[in-house]
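Colleague: Take a look at the letters that make up each chain.
Protein chains: 2
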Amino acid sequence: MKIVVDAMGGDHAPEVVIRGVVSAVNEFDVEVILVGEEPKIKDLLKRERFDPSKISVVHAPEAIGMSEPAAASVRKKRKSSIVLGMELVEEGKADAFFSAGNTGAVVCAATLSLRMLPGVERPGIALVIPSLKGFSLMIDVGANIDPKPTQLLHYGLMGDVYCKYILNKPDPTVGLLNIGEEETKGTEFMKETHELLSASKLNFIGNVEGKDLYSGKCDLIISDGFVGNIALKVSESVADALNNFLKKIIKKSPLAMFGLLFMRGTFKDLKKEMDYSEYGGAPLLGVNGVVIIGHGRSNAKAIKNAIRVAKVEVERQFNEKLLEAISKK
Amino acid sequence: MKIVVDAMGGDHAPEVVIRGVVSAVNEFDVEVILVGEEPKIKDLLKRERFDPSKISVVHAPEAIGMSEPAAASVRKKRKSSIVLGMELVEEGKADAFFSAGNTGAVVCAATLSLRMLPGVERPGIALVIPSLKGFSLMIDVGANIDPKPTQLLHYGLMGDVYCKYILNKPDPTVGLLNIGEEETKGTEFMKETHELLSASKLNFIGNVEGKDLYSGKCDLIISDGFVGNIALKVSESVADALNNFLKKIIKKSPLAMFGLLFMRGTFKDLKKEMDYSEYGGAPLLGVNGVVIIGHGRSNAKAIKNAIRVAKVEVERQFNEKLLEAISKK
Chain F
1 MKIVVDAMGG
11 DHAPEVVIRG
21 VVSAVNEFDV
31 EVILVGEEPK
41 IKDLLKRERF
51 DPSKISVVHA
61 PEAIGMSEPA
71 AASVRKKRKS
81 SIVLGMELVE
91 EGKADAFFSA
101 GNTGAVVCAA
111 TLSLRMLPGV
121 ERPGIALVIP
131 SLKGFSLMID
141 VGANIDPKPT
151 QLLHYGLMGD
161 VYCKYILNKP
171 DPTVGLLNIG
181 EEETKGTEFM
191 KETHELLSAS
201 KLNFIGNVEG
211 KDLYSGKCDL
221 IISDGFVGNI
231 ALKVSESVAD
241 ALNNFLKKII
251 KKSPLAMFGL
261 LFMRGTFKDL
271 KKEMDYSEYG
281 GAPLLGVNGV
291 VIIGHGRSNA
301 KAIKNAIRVA
311 KVEVERQFNE
321 KLLEAISKK
Chain G
1 MKIVVDAMGG
11 DHAPEVVIRG
21 VVSAVNEFDV
31 EVILVGEEPK
41 IKDLLKRERF
51 DPSKISVVHA
61 PEAIGMSEPA
71 AASVRKKRKS
81 SIVLGMELVE
91 EGKADAFFSA
101 GNTGAVVCAA
111 TLSLRMLPGV
121 ERPGIALVIP
131 SLKGFSLMID
141 VGANIDPKPT
151 QLLHYGLMGD
161 VYCKYILNKP
171 DPTVGLLNIG
181 EEETKGTEFM
191 KETHELLSAS
201 KLNFIGNVEG
211 KDLYSGKCDL
221 IISDGFVGNI
231 ALKVSESVAD
241 ALNNFLKKII
251 KKSPLAMFGL
261 LFMRGTFKDL
271 KKEMDYSEYG
281 GAPLLGVNGV
291 VIIGHGRSNA
301 KAIKNAIRVA
311 KVEVERQFNE
321 KLLEAISKK
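So the protein sequences, as listed, match chains F and G. Heads up: the first sequence begins at 1 in our numbering, then just goes up one per residue. Heads up: the second sequence begins at 1 in our numbering, then just goes up one per residue.
This is chain F alone, in the form it adopts within the complex:
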């Protein structure tokens, strides 16, 4: 299996990307095609130990920056690592694509190059989030910021198949992220979506609220991409703020600093439990190919794990399973 990795994507590219890729080929049965600035990549690869037959490099003279406008840069930078990398999948030269770069550009390039699966209107980004009962899947966290109710229904179907075949949750419960539990709550858009989900074959348990996001109330959380994106980023903000408040308070108290010595392990465990890098990558569902998106902050471990996520999605033939589910719906 061959996985294309955007060497130029992420806040710490290409160094961190390459370290992650090397770990991946050393650990998993997978080949990687690194796309990006060839001389720099080759230089960095020289420092690493790996089976050279498992990593190849394709030169891309351009790169799309983290905050460049998505559609415009994909149109203009035809020789960028994202566009060229996606084309390798389109042409059948690779099985999957991964980038920790500009999310909007990846969504746009994937849609243009791989196109949508028949029966799906728009792609959605699904993300595994930790919960008090293990983990949940949330879709969409930002690919489609102005969706239609039917598109949220599609996200439900895609997320359901992902839960079943990739996350090993055989009968996932499904909730709609809304501002209240009652079916009459929320905007007209939310009420329409609630109706569609209720009439579907999904195991729909109704609306869930923001306060349920990490409680594990349901296995699959369906969300408007705008709201889902804000929800995720607010979560990071809360965690960062709590961390900073705690540091500020501890600094003022020698007693607390002493106590902290005994709690180091605890905070490490907590960090691990909440750590996105354990999971690594978020699948872009609905396009005709396997595309995984990484957090801009990704470290080498997150990159490695994202490659594993791509590998599993290819092996378990997610898109074939999804097409089957759509034809039966």
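Any given hint could be a false lead.
A pair counts as met if it fits within one copy or between any two copies, since identical chains are not told apart.
[Unchecked claim] Cut-off 25 Å, straight-line C-alpha distance, at most; resulting in silico cross-link-like pairs (DMTMM-like, lysine to aspartate or glutamate):
no., residue 1, residue 2
1, 211, 236
2, 217, 236
3, 76, 188
4, 191, 121
5, 251, 240
6, 251, 212
7, 211, 68
8, 211, 240
9, 321, 91
10, 148, 192
11, 148, 183
12, 201, 320
13, 133, 236
14, 148, 188
15, 42, 27
16, 248, 236
17, 321, 95
18, 247, 212
In short, the hints are calculated from the structure, not lab data. Computed from a predicted structure; not experimentally measured.
With chain F held as given, fit chain G onto it using these hints.
Modeller: This is chain G only, laid out in the frame that chain F set:
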């Protein structure tokens, strides 16, 4: 000054509400009219010590439950504590209204009974949130879940006046909660709102993201009520989840339990710093009167502080200041 308090509002009403009211009249120069089930209220008041001239009771035979549909229950339950209490303000028999009950019902009753200030289309709930730099004000957190761009501009104007005259921030910086910083980010609705805010006299610094919510990047955060509500509830979810994860991990480690003995004070300080009850109540801005909404979970301290919030808003003549600002805009 007379403040109407809905004795039946909140998860722990009327007991907790009455304890909060008694603390308020004992601490502040304020009179309270308690509206609700008179026999029960009088019975509970017997246990408390306070100047009897400072608390009076108005009987309301009905109460609106926390999860009843807002508009329908306000229409039907004309003798509920929320509807009767709001009428006391409308008739000039009191200066302000406070409830920790059904938020939607309070918004609806306030709009129907007090009506909007001239020049304002829809009311918005403003909430003080803790930040790494002190605190920020966020508006709207759920009064108007399907707003128009002009309505978000109004929220900006109202929040600006609230920051200046109530929160003592003379030149508040203003941000729009969106999914990216660039002005081209977000839905058409967000782009239009961005334009209106840019053209206004507000000290608008542009879009802010979910990750900035608690960083103190700006003094005033303007948000769509749907998104604002989700953002707040997600924040509670993260804090609860972190707390629970931490407990789970500590239980497994005797060393961590020992360390915790020395950190008790730290966690108490942290809780205080993040504690909504320190502030107590969220003003409903835009209606022709002073209306404060409390969290359903409010404890006696939060109730007391919400009464202080109402008192300050009346004393500093917020609505007069707002009308002045609107006439000059």
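Colleague: Now, for every hint given, state plainly whether the structure supports it.
Modeller: Taking the hints in turn, this is what the structure says about them:
Taking CA atoms no more than 25 Å apart as the test, residue 211 paired with residue 236 passes in both settings, with 15 Å inside one copy and 6 Å between copies. Within a single copy, residue 217 and residue 236 get their C-alpha atoms as close as 20 Å, and across copies as close as 15 Å, so both meet the 25 Å cut-off. For the homomeric pair residue 76 and residue 188, the shortest alpha-carbon distance between copies (23 Å) is at most 25 Å, but the shortest distance inside one copy (38 Å) is not. Taking the shortest Cα distances, residue 191 and residue 121 sit within 25 Å of each other both inside one copy (20 Å) and across copies (24 Å).
Taking the shortest alpha-carbon separations for residue 251 and residue 240, both the intra-copy value of 17 Å and the inter-copy value of 24 Å come in at or below 25 Å. Taking the closest pair of Cα atoms, residue 251 and residue 212 come within 25 Å of each other only across two copies (24 Å); inside a single copy the shortest separation is 33 Å, beyond that limit. Proximity of residue 211 and residue 68 under a CA criterion of 25 Å is satisfied inter-copy only: 19 Å between copies versus 33 Å inside one chain copy. For a Cα distance limit of 25 Å, the shortest separation of residue 211 from residue 240 qualifies both inside one copy, at 18 Å, and across copies, at 9 Å.
Taking the shortest Cα distances, residue 321 and residue 91 sit within 25 Å of each other inside one copy (22 Å), while across copies they are farther apart (65 Å). Proximity of residue 148 to residue 192 under the C-alpha cut-off of 25 Å is found in both arrangements, the shortest distances being 9 Å within a copy and 20 Å between copies. Taking the closest pair of Cα atoms, residue 148 and residue 183 come within 25 Å of each other both inside a single copy (18 Å) and across two copies (24 Å). In the homo-oligomer, the alpha carbons of residue 201 and residue 320 lie at most 25 Å apart inside one protomer (19 Å), although the nearest pairing across protomers, at 55 Å, exceeds that limit.
Both within a single protomer and between protomers do residue 133 and residue 236 lie at most 25 Å apart by alpha-carbon distance, with minima of 20 Å and 17 Å respectively. In this homomeric assembly, residue 148 and residue 188 come within 25 Å of each other (Cα to Cα) both inside a single copy, at 11 Å, and across copies, at 15 Å. Only within a single protomer do residue 42 and residue 27 lie at most 25 Å apart by alpha-carbon distance; the minimum there is 21 Å, versus 72 Å between protomers. Taking the shortest Cα distances, residue 248 and residue 236 sit within 25 Å of each other both inside one copy (18 Å) and across copies (21 Å).
In this assembly of identical chains, the alpha carbons of residue 321 and residue 95 lie at most 25 Å apart only when taken from the same copy (16 Å versus 63 Å across copies). When the C-alpha separation of residue 247 and residue 212 is checked against a cutoff of 25 Å, the pair qualifies only between copies, where the shortest distance is 19 Å, while the shortest distance within a copy is 27 Å.
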